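Engineer: Could you build all of it, start to finish, from the sequences and the hints given here?
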Amino acid sequence: MAEMVRKSSVDEIINHWLLAGSCILLALTGFAFLFHLDGVAGVFGGYNVMKDVHNWLGVIFALSLLYSMRHYLKDAFEYDADDLQWFKVAGGYLSHKVKVPPMGKYNPGQKLYYLAIVAAGIAITASGLGMWLMKDDATVMMYSHLIHNLAFVIFAIAVPVHIYLGTLANPGTFKLMVSGTLPLEEAKRRYPKWMKAEGRM
Amino acid sequence: MANESNSRKAILVTPEICIGCRACQVACKSWNQLPASKTKNNGTYQNPPDLESNTFNIIRFTEVPSQETPVRWLFVSRRCMHCEDAGCVKICPSGALYKTAEGAVAFDRDKCIGCKLCSTGCPFDVPRYDKEGKVSKCHLCFDRIAANMAPSCVKTCPTGALKYGDRAELIAEAKKNGYATIYGENDLKGLGSVYAFKEEPKLYGLKENPALPSSVAFWHSYLKPLSWIGLGGVVAAAAIHYLAIGPHKEEKEEV
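Residue numbers (the numbering used here), protein chains in the order written: chain H, 1 to 201; chain U, 1 to 255.
Quick caveat, the hints were computed from the structure, so don't treat them as lab data.
Each hint should be verified, as a subset may be incorrect.
Think about it this way: if two alpha-carbon atoms lie no more than 25 Å apart in a straight line, the pair counts; the simulated DSS-like pairs of lysine-lysine are [to be verified]:
#: 1; chain 1: H; residue 1: 188; chain 2: H; residue 2: 175
#: 2; chain 1: U; residue 1: 202; chain 2: U; residue 2: 189
#: 3; chain 1: U; residue 1: 189; chain 2: H; residue 2: 105
#: 4; chain 1: H; residue 1: 193; chain 2: U; residue 2: 90
#: 5; chain 1: U; residue 1: 111; chain 2: H; residue 2: 135
#: 6; chain 1: U; residue 1: 134; chain 2: U; residue 2: 163
#: 7; chain 1: H; residue 1: 193; chain 2: H; residue 2: 7
#: 8; chain 1: U; residue 1: 202; chain 2: H; residue 2: 51
#: 9; chain 1: U; residue 1: 90; chain 2: H; residue 2: 135
#: 10; chain 1: H; residue 1: 111; chain 2: H; residue 2: 51
Keep in mind it's a predicted model, so treat the numbers as computed, not measured.
Structural biologist: Okay, structure coming up:
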């Protein structure tokens, strides 16, 4: 058995799946509200129950997003020269021939993705609470409805990119979000700067 | 049945010949089995003061200064306008608000989730909510008109200030009778409650140039489609990327 490195803690993995699960269900029910998908509403026994499910899933999502900040927020604000170079070669995703600079624990694409999710998450949570709890305030309703949908567009675009990059585009990555560990040799190849900082290479 | 565009019905209100008897209010309550509300006299015959969850139409009483008489007393029927381009139908997330074949904006109370977004979509401040938070408003007696009967308010109107029928015919007739201004002829792609005036509609307190709230129009035209176009676009791009460039390959040795 090869020596393993733990990249994600157990609470991080559990929280990630809470975030992912609530996010996907929220998007599904959100699309059902947007486009009157009676089939989806029928699964919940109608739009009335689906509304309650959507609202409370939102609470889970918001709490989970808040908790995730202890895992990612600090890293998400730190960028160096290699990160800049990473953008210039588009992370190596557009060609296998380019040389991708050495990365730390997270690449800048992941870090920016996280910031986008935090920003859109705060917007969608605040506006969702506005529509849920301040129905009689016309101004709050108007802006909340608009902001909720604007933030939703960000989710509808960013989340599938994240899912693709975390599964098909990077074989082996999905496993990391289940077990949280990867072989040391692989970690050295993928996250050399992180491994150096940890004193393991 | 006639084709869709010719089947659009409407209520034509001619405030000039309204005598303010409010039989329309009573008939509406009667047909729709709506209880009365206790109100207080606040110095006007307008009662209740505005639309309520159990009051689908009211006669609005307006007093305006006049040269000939000490005061002019104007009556105008206030109700759902049954917009062709109905903001409430657009914004309703559960499909509880819908348009009937006759062009009425009706609602399915059981489907209503009580989100109150229809208030945001309505340019005329029409939707009201009952004690359980469900939407409630004039539905043009969609049950009666589907059976080729006039709405109850029209049926009872003693002067012809309320008329129901083919929308295009009603408008043509009103113009022929010398009513130069048809309020709602083209606003919001044509209202289902149209008003015939010889004077300015704003004299009667009607909203000038009614339109969908710009936030609702923007949301409907751009944000709503962008959500699925965005999602679909990413899925398509990911598929192309996977096939054309392929997944990341682990380099066994540094090149």
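Engineer: It remains to establish, for every hint, whether it holds in the given structure.
Structural biologist: Evaluation of the provided hints:
no., hint, verdict
1, 188/H to 175/H, "17 Å, holds"
2, 202/U to 189/U, "20 Å, holds"
3, 189/U to 105/H, "57 Å, violated"
4, 193/H to 90/U, "52 Å, violated"
5, 111/U to 135/H, "18 Å, holds"
6, 134/U to 163/U, "29 Å, violated"
7, 193/H to 7/H, "13 Å, holds"
8, 202/U to 51/H, "40 Å, violated"
9, 90/U to 135/H, "18 Å, holds"
10, 111/H to 51/H, "32 Å, violated"
Violated hints, listed in ascending order, are 3, 4, 6, 8 and 10; each of the other numbered hints is respected by the structure.
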